[in-house]
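Trainee: Spelled out from the first residue to the last, the chains are:
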Amino acid sequence: MNFGIKKLLAGLCFIVTTTSLTAQDKYFTKSGSIHFTSKGAIETIQAGHRSITCVLDSKTGALQFAVLMKGFEFKKALMQEHFNENYVESDKYPKAEFRGQIVNNSEINYTTDGTYNAHVKGKLTLHGQTKEVEADGKITVKNGKLLANADFTIQMSDYNISIPKLVKENMSNTVSINVNCALEPLKS
Amino acid sequence: MKRITCTLLATCFVLLAGNKLKAQNEDLLKLVKEDTVKKEWASGAFKSSRVINGQSMELIGKGVLDVRILHRFGLVSNGAKEFFGLDQASMRMGFDYGLGTNLTIGVGRSTLNKELDAFFKYRPVRQGSGDGGFPFSIVWVSGVTVFTIPWVDTTRKNYFSSRIAYYNEIIIGRKFSNAFSLQVSPVMVHRNMVTNGDDKNNTWALGIGARLKLTKRTAFVVDYHPILSGREPGTKDPLSVGFDIETGGHVFQLHFSNSTGMNEKAFLTGTTSDFWKGDIRFGFNLSRVFQVGKKH
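Top to bottom, those sequences are chains R and P.
If you count the first sequence from 1, you need to add 6 to reach the numbering used here.
If you count the second sequence from 1, you need to add 5 to reach the numbering used here.
Since the hints were derived computationally from the structure, they do not count as laboratory data.
Ideal Cβ positions, reconstructed from N, Cα and C, are used throughout, including at glycine.
Check each hint, because a few of them may be wrong.
Said to hold, decoys possible - Restricting the straight-line Cα-Cα distance to at most 30 Å, the calculated cross-link-like pairs of lysine-lysine (DSS-like) are:
1) K101(R) with K193(R)
2) K86(P) with K119(P)
3) K299(P) with K81(R)
4) K35(P) with K144(R)
Said to hold, decoys possible - A short list of chain P residues far from chain R (calculated; beta carbon distances all over 10 Å):
5) G133
6) F139
7) I143
8) I154
9) G202
10) G283
11) L291
What the hints assert, rightly or not - Interface residues of chain P toward chain R, partial, derived using beta-carbon atoms under 8 Å:
12) L34
13) V37
14) G49
15) N183
16) R222
17) G253
18) G254
19) V294
20) K300
For reference, chain P alone in the conformation it holds in the complex:
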């Protein structure tokens, strides 16, 4: 019996002492159970919605207007008399708008061939971490281009439909870490009219885009589109390397490339310079975003 009493007494003291100790210096936050890790979306795999020429796995966000001014210059190898190509400029002005978090539409006009283009970009699958997070993003892009320069050959019957080309692209990309992102994007361009009778209407390419972040606001980017089939005779695989520089709402993409085209049809079927022979041009993309609509 005495033993039981002793045990009870001891228990009493332990409980009392325990309570006292607890009140001294405890971690109050531990008393509240933390919520389980919520699903988190990956964001900022690329600084811009374009790697350089090609579309990136990033969308601009709901209610965001992205005004894009793109320039491609002449060959650097033209030397000082052409100011290393800067005397010749080709440009595209574009407006992208985020209809939803996962849907962007855009229009643009390039000086090259006086070409208009329009596209939509939809992300059915977004990379995320935590519960139900998917390891990569899948983005679907489809667009149409119309060149508006006068017909060269006016003696034949020219159809408006001949001015039109389409492109379809699937981007599969992953932000591996804060510093490194990689995407592959099979893309098909269909031209209603080609230069010569035996040229292929369909051109297939595999886009490869990568980003390596150098500092918080600068990154090194590579954009490569090897042509897999249906190559337009005389054209080369477009390759661009450059830097992304971000300052608040602006992103500057400065790069060297062998292509002049600034829409998918133009750079996949019209890149005639050979990067490896030093036929390189300087170019830049300037992007400025405005939050014009509601985010939610």
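So here's chain R without its partners, still in its complex pose:
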């Protein structure tokens, strides 16, 4: 009898531990991409990044991004230098982070292939400043993998990124951001 209970408990233990280990509810990538564009009267600033980290927990809808600021590539070498040195101050603030939530997570069926609308809300930390941002995006489920993309805009002044007076007329304070990530199941 005693022996039977022990067996049962051992079995239960096994089930509990294994299910928690194998459940594929988290997805990730280390090679997501971001593009941003800021269209000013004279100067259009554009850059891309191809190695951002993104983790999504499909159970809770929690969504987080990490971006190394020095990884942004510009067409103009000098623009890239100025971006890092004068605008986002990459040595002081090497990383930008987003921590948020897919608000309508329950509407997304991660086990069925298809494209779902996702509304994301959360906090973006950039240049040492944290601000609430919202974005509408899409999540495409295909063969157990996810494609996530979203567009949103931020204001440079919200993040204490100042444009010098001399070029204020040439540049725009608004930055349009496009995020594109192919997420794979995270094996822990």
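Could you slot chain P onto chain R? The hints should help.
Mentor: Same frame as chain R, but now just chain P:
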């Protein structure tokens, strides 16, 4: 036996509880291992490819065309009637082009002696941090100058080769912090022809350049070239102090200096004013860069 059962049960609960807790508010990004710190190049040790007169440890980047307009004026001590030297201007117009990240070539022409100059600048070692980062940059510059004013003495046989001078320079520099950069640069100038028979053909100097950043877009710079040997009689050590002001693609270098020469041969063998006696001139370098070629 009971004890074992209890332990198993407890373990079960701990695992269950642990899982629950984890799901509440976790740092998802921590689940993904961060990459090791990648090698990062130091950049922007100086705002411009020149400290003031001398070459800096910076290169302009691949596919970049740097149009440089340099002015040196008369002595400030000439006073109001000469508009503090601004009535007399000497200039050099130059074009530098980045053939690669570590290779720049440039040409220029100065009004002083109607002199043409050309150089190449190569960086075999670049300062970096992280894996395999080197603590300083090493840059090699070699150039040639040709003056084209008519010969003063037409009675003697004048050779074209006499118009030519060469210079070779090694720059060792380090960006110590965002605010402070320092470089030393031994430089040798060889003139095929010198003014007097017993003048030396080779002039050696040790360039010292430093930058102190004042704000994001302005910096204080010092450029000093003490002559070590082969000094042209009557010449002084060139010394310049000034400010770099950067606005987007432009860099303005406003400075006070005792030299008028705007290439290595000209300022190392032709600086006759004495900085410490107040023989100072105002001057500026204007640099405008254009990305004309591909960066990669």
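Trainee: All the hints need checking, so say for each whether the structure fits it.
Mentor: Right, here's what the structure says about each hint:
Pair hint K101(R) plus K193(R) holds up; C-alpha atoms about 25 Å apart against a cutoff of 30 Å. For the proposed pair K86(P) and K119(P), the alpha carbon gap of about 27 Å is at most 30 Å, so the pair holds. Restraint check for K299(P) and K81(R): the C-alpha separation of about 8 Å stays at or below 30 Å, so the hint holds. The straight-line distance between the Cα atoms of K35(P) and K144(R) is roughly 25 Å, inside the 30 Å bound, and the hint therefore holds.
In this structure G133(P) is separated from chain R by more than 10 Å, as the shortest Cβ-Cβ distance comes to about 12 Å. No Cβ of chain R comes within 10 Å of the Cβ of F139(P); the nearest lies about 18 Å off, and the non-interface call holds. At roughly 20 Å from the closest C-beta of chain R, the C-beta of I143(P) stays outside 10 Å, upholding its exclusion from the interface. Interface exclusion of I154(P) from chain R stands, the closest Cβ pair being 36 Å apart, more than 10 Å.
Chain R leaves G202(P) outside its interface by the beta-carbon criterion, the shortest separation being 48 Å against a cut-off of 10 Å. For G283(P), the condition that its CB be more than 10 Å from all CB atoms of chain R holds, with the nearest at approximately 33 Å. Residue placement check: L291(P) keeps its beta carbon more than 10 Å from all beta carbons of chain R (closest about 15 Å). Taken as an interface hint, L34(P) checks out: its beta carbon lies about 5 Å from the nearest beta carbon of chain R, inside 8 Å.
Hint status for V37(P) relative to chain R: holds, with the closest Cβ pair at about 5 Å, below 8 Å. Satisfaction of the interface hint for G49(P) is found here, the shortest Cβ-Cβ separation to chain R being roughly 5 Å, below the 8 Å cut-off. The restraint placing N183(P) at the interface with chain R holds, with a minimum CB-CB distance near 6 Å, inside the 8 Å limit. Using the Cβ-Cβ criterion of 8 Å, the hint placing R222(P) at the interface with chain R is satisfied: the shortest such distance is roughly 6 Å.
Look at G253(P): its Cβ gets to within about 5 Å of chain R, closer than 8 Å, so that hint holds up. Hint status for G254(P): holds, given a least beta-carbon distance of 6 Å to chain R, under 8 Å. At a threshold of 8 Å, the smallest CB-CB gap from V294(P) to chain R is about 6 Å, leaving the interface hint in force. Using the Cβ-Cβ criterion of 8 Å, the hint placing K300(P) at the interface with chain R is satisfied: the shortest such distance is roughly 6 Å.
Violated hints: none; the structure is consistent with every hint.
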